[in-house]
Amino acid sequence: MDIQTKTMGTKKIEQSQIVTFPQGLFGFEKYKKYAVIESEYTPFLWLQSLDDEKLAFLIVDPFIICTDYEADIDDESLLKIGVKAPEDVIVMCIVTVPSDGSSHITANLQGPVVINKKNNLCEQTILGDNRWTTKYDIIDALKKREGK
30 MDIQTKTMGT
40 KKIEQSQIVT
50 FPQGLFGFEK
60 YKKYAVIESE
70 YTPFLWLQSL
80 DDEKLAFLIV
90 DPFIICTDYE
100 ADIDDESLLK
110 IGVKAPEDVI
120 VMCIVTVPSD
130 GSSHITANLQ
140 GPVVINKKNN
150 LCEQTILGDN
160 RWTTKYDIID
170 ALKKREGK
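Numbered according to our numbering, the sequence shown spans residues 30 to 177.
If you are wondering where the hints come from, they were derived from the structure by calculation, not from laboratory data.
Incorrect hints may appear among the rest.
[To be verified] As a list, the in silico DSSO-like pairs of lysine-lysine whose alpha-carbon atoms are at most 30 Å apart:
1. K113 / K83
2. K62 / K172
3. K35 / K83
4. K173 / K109
5. K146 / K164
6. K147 / K83
[Said to hold, decoys possible] Derived Cβ-Cβ restraints for the label pairs, each shown as a range:
7. R174 / D80: 32 to 42 Å
8. E69 / K113: 26 to 36 Å
9. D97 / Q44: 20 to 30 Å
10. F55 / P127: 12 to 22 Å
All residues carry an ideal CB built from backbone N, CA and C; glycine is no exception.
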């Protein structure tokens with residue numbers, strides 16, 4: 030199927046790339062269907078709304094950018110999307126790229142997106158662990174890791 034994207038024009042996607050957020054994302058509750066699309070910037074992906082082509086989120090695997098990241102997701106959130114086993118879960122975080130170009134590129138580690146890869150249902154959850162922030166500086170973290 031062909032879809033219109035916010036950043037890459039028309040893209041061909043497979044049914045397997047479509048994910049559904051029964052509750053929507055925080056602040057975007059009315060948008061339920063998205064496609065997960067590779068971005069031009071590895072390791073980032075696009076979470077492109079199928080309800081509004083102007084709505085897309087850059088996402089990343091948090092374990093790539095934060096080696097000590099732990100996503101202790103409550104059972105209720107996992108049950109909402111039908112997760113039966115830990116290996117069925119993919120965890121991603123939404124990335125913020127400021128439009129002014131002068132601020133930091135950050136990831137929301139406190140509100141990860143949980144994808145059930147068995148049924149493509151998703152839930153954005155809030156972690157109770159105060160180690161994680163909504164503004165985790167990706168570039169700073171990568172520089173520190175390279176310096177070790």
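Comparing the hints with the structure gives:
In summary, the hint linking K113 to K83 is not supported, as the alpha carbons are separated by about 34 Å, beyond the 30 Å threshold. Note on K62 and K172: the hinted pairing is violated, with a Cα-Cα distance of about 35 Å set against a maximum of 30 Å. Under the criterion of a C-alpha separation no larger than 30 Å, the hint pairing K35 with K83 is consistent with the structure, at around 5 Å. Distance check on the hinted pair: K173 and K109 sit about 37 Å apart at the alpha-carbon level, beyond 30 Å; violated.
For the hint linking K146 to K164, the alpha-carbon distance of about 26 Å falls within 30 Å, and the restraint holds. With a CA separation close to 28 Å, the supplied pair K147 and K83 stays within the 30 Å bound. Range check, R174 to D80: Cβ separation about 37 Å, and the 32 to 42 Å hint holds. Between E69 and K113 the beta carbons are some 35 Å apart, a value that agrees with the proposed interval 26 to 36 Å.
Separated by about 36 Å at the C-beta atoms, D97 and Q44 break the suggested range of 20 to 30 Å. In this structure the supplied range 12 to 22 Å holds for F55 paired with P127, their Cβ-Cβ distance being about 19 Å.
The structure does not agree with the numbered hints 1, 2, 4, 9 stated previously, though it agrees with the rest.
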